[in-house]
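Could you put the whole structure together from the sequences, leaning on the hints where they help?
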Amino acid sequence: MKCDNEGCENEATVHEVVIRNGKKVERHQCEQCARSTGMIQHVSPSAHELLAKVILPQAKEIAEGAGQKRISCPGCGMTIARFRQHGLLGCAECYTAFAQQLGPLIERAQEGATAHIGKSPKRTGGDAARHNRAAALRRQLREAVSAEEYERAARIRDELRTIENANGGRRGPHAPSADAGNEP
Amino acid sequence: MNAPVPNESGAQWLRSDGAEGDVVMSSRVRLARNLAGFPFPNAADNEERQDVLDLVTRAAAGAELAPNLVTLELARLPDVDRYALVERHLISKQLAHGDAPRAVILSSPDEWLSVMINEEDHLRIQAIHAGLDVRAAHTAADAVDDKLESRIDYAYSNELGYLTACPTNVGAGIRVSVMLHLPALRLTGDIDKVRRAVKDMKHTVRGFYGEGSDVVGDFYQISNHTTLGKTEGEIVDFMETQLAPTIIGYERKAREKMLNARRTHLEDKVHRAFGALLHARLLTSDEALEKLSLVRFGVLCGVLKGPDPRVVNDLILLTQPAHLQRVSGRTMEQGERTVARASLVRQRLGAAT
Ligand SMILES: [Zn+2]
Ligand SMILES: [Zn+2]
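The listed protein sequences correspond, in order, to chains A and S. The first sequence runs 5 to 188 under our numbering. The second sequence runs 59 to 411 under our numbering.
One or more hints might be untrue.
[Claimed, not checked] Pair by pair, the computed Cβ-Cβ distance ranges are:
1) 408(S) / 86(A): 55 to 63 Å
2) 273(S) / 154(A): 57 to 65 Å
3) 15(A) / 323(S): 53 to 61 Å
4) 90(A) / 389(S): 41 to 49 Å
5) 304(S) / 91(A): 42 to 50 Å
6) 197(S) / 154(A): 45 to 53 Å
7) 109(A) / 253(S): 22 to 30 Å
8) 150(A) / 254(S): 53 to 61 Å
[To be verified] Incomplete in silico selection of chain S near chain A, CB under 7 Å:
9) 211
10) 229
11) 396
Since the hints were derived computationally from the structure, they do not count as laboratory data. Using N, Cα and C, we set each Cβ at its ideal position, and we do this for glycine too.
Here it is in C-alpha cells:
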C-alpha cells in the first residue's frame with residue numbers, strides 16, 4: 005500500500021484507524037510523512053512495531069464491530085464489550101451472536117483451526133444448534149410460566165414449536181428434569 | 059450429602075508405581091462441558107447454578123460413574139478442607155473460592171475421578187492415572203462423559219464442538235496433562251531445553267498447581283492448549299507417544315550425566331537436602347517441597363538408601379498448608395505452621411529428635 009500523502013511514492017508503514025462521529029477514518033502513511041504530519045512523534049522501532057501489530061488490529065476489529073456494539077446475546081444479554089473485559093462468554097448462544105468477532109479470535113488461539121473434528125454427543129450431536137436453542141427456550145418458558153407472564157410464555161412456546169417441528173416434528177431429546185414440563 | 063475429605067493419601071499422582079514413575083508422577087485428562095439451556099457459571103445467578111448442580115449430581119448418581127462417589131458442596135466446607143482438595147489436585151483454586159453453589163464429585167477412596175461443577179464451565183470432568191498413562195486417563199474421562207451425556211444435554215455446535223465459557227477451550231474441550239518430576243534437568247541447567255521443546259510442540263509448561271502457579275520442587279505440568287481441529291485421540295497420542303517420551307528422555311540423560319560425571323556434586327545436593335529435612339526447626343512449604351524433591355531424586359537413583367519412597371511421597375502432600383493443619387488437627391497461622399511442618403517432617407523421616 006502506498007502512502008496517502010499526495011506525491012509521496014513510499015510504502016505506507018504507519019496505519020491509523022479512528023472512529024469519528026461513528027464513521028471509520030483510515031490513514032496510511034510512510035514513516036517520514038507520519039512524522040511530519042504528527043501522526044507519530046518519536047516512535048522507536050519497537051514501539052512502532054507494537055503499534056502496527058497489536059494496537060491497530062484491535063482498533064480495526066472494534067471499528068468493524070462498531071455497528072454491532074449494541075448487539076447483545078439473546079440468550080444471556082452478554083455484550084461484546086463485556087466479553088472483551090472478562091474474556092468469558094455468557095452462554096452457548098453467544099457463539100452465534102458474536103460469531104463474527106469470535107471467529108478470528110478462535111482461529112488465532114487454535115493455530116489456524118476453525119472446525120471441530122472430535123467427539124460429539126451421542127444423543128444430541130446431530131442437530132446441535134437447534135437443540136441448544138430449544139433447551140434455552142424450554143428454560144425461558146418455565147421461567148415465564150412461574151412468573152405468570154403468560155403472553156411471553158405463549159410467544160416462547162410458539163418459537164419452541166417452530167423449532168421442534170423444523171425437524172420432521174421430532175421432539176428434541178432432553179433430560180426430563182431440564183424440561184419445562186408444560187406441554188400445551 | 060457432604061462427607062469428610064479423605065485424609066490419608068489415596069492420591070493417584072503420589073503413587074509413583076505407574077509407567078515411567080521415576081519421571082512421570084501422573085497423567086491427567088480434563089474435559090470441559092456445559093449444559094444446554096443454562097448460562098455459563100460466570101453469567102448465571104445462584105438459582106441457576108443450583109439448578110445445574112442439582113441436575114448434575116442427580117445424573118451422576120443415576121449413571122453410576124464409579125462404585126463409590128462422594129459429593130462435596132464446597133460452599134459448605136471449611137476453608138482448610140477446600141484447600142486440602144486443591145492440594146490433592148482434585149479441584150482448582152478457582153473452585154475453592156467464593157460462596158456461589160458449586161461442588162465436586164469424587165471417586166473414593168482412589169480419587170481417580172473428580173467432576174467439578176460450576177467452575178469456569180458447568181462441568182470439568184477429570185481423570186488421573188499414576189505414571190504415564192494418558193490413554194487410560196482419557197478412556198476413563200471419556201466413559202464418564204458418555205454416562206453423563208446420556209442424562210444431560212450438553213451445549214454443542216456441529217462446527218465448533220463443545221461450547222465453553224472461554225472461547226479458547228472450544229472444540230474437544232480437552233486438556234491433557236502430565237505431571238513430571240525433573241530434578242536432574244534443573245540441576246544440570248538444561249530445563250530451558252524442556253521449555254523450548256514444549257513450546258515447539260505447541261504445548262504449555264505450568265507449575266505444580268496448574269494454570270498460573272509457580273514451579274516448585276522441580277514438578278512441572280505439561281499440557282496441550284489447542285482443542286480444535288484435532289481429535290481427542292490425536293491430542294492424547296501426541297502427549298503419550300511423542301512429547302512426554304521426549305522429555306522423559308532428556309531427564310534420564312541428565313540423571314545419567316549427573317551420576318557419571320558429577321556424582322559427588324549430586325550426592326552433596328541430595329544429602330544436604332536430607333540433612334536439612336532431618337534437622338530443620340522451621341520449614342516453609344516451598345522449602346519442604348524443594349528438599350523433598352531432591353530426596354525423592356536421591357532415593358530413585360540410589361544415592362540415598364532411605365527413607366522409604368512412600369514416606370517421601372506422603373510428605374510432599376502432608377507438608378502442604380491445608381494437609382498439615384488437618385494432620386495436626388487444628389488451624390494454624392503461617393508462623394506456627396513452619397514449626398509444625400519441620401516437626402512433622404522430622405518425625406516421619408525418623409529423625410532422632
Ligand atoms: Zn509518505
Ligand atoms: Zn449468551
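Quick rundown of the hints versus the structure:
no.: 1; hint: 408(S) / 86(A): 55 to 63 Å; in the structure: 58 Å, holds
no.: 2; hint: 273(S) / 154(A): 57 to 65 Å; in the structure: 59 Å, holds
no.: 3; hint: 15(A) / 323(S): 53 to 61 Å; in the structure: 57 Å, holds
no.: 4; hint: 90(A) / 389(S): 41 to 49 Å; in the structure: 34 Å, violated
no.: 5; hint: 304(S) / 91(A): 42 to 50 Å; in the structure: 32 Å, violated
no.: 6; hint: 197(S) / 154(A): 45 to 53 Å; in the structure: 49 Å, holds
no.: 7; hint: 109(A) / 253(S): 22 to 30 Å; in the structure: 26 Å, holds
no.: 8; hint: 150(A) / 254(S): 53 to 61 Å; in the structure: 57 Å, holds
no.: 9; hint: 211; in the structure: 5 Å, holds
no.: 10; hint: 229; in the structure: 5 Å, holds
no.: 11; hint: 396; in the structure: 37 Å, violated
When each numbered hint is compared with the structure, violations occur for hints 4, 5, 11.
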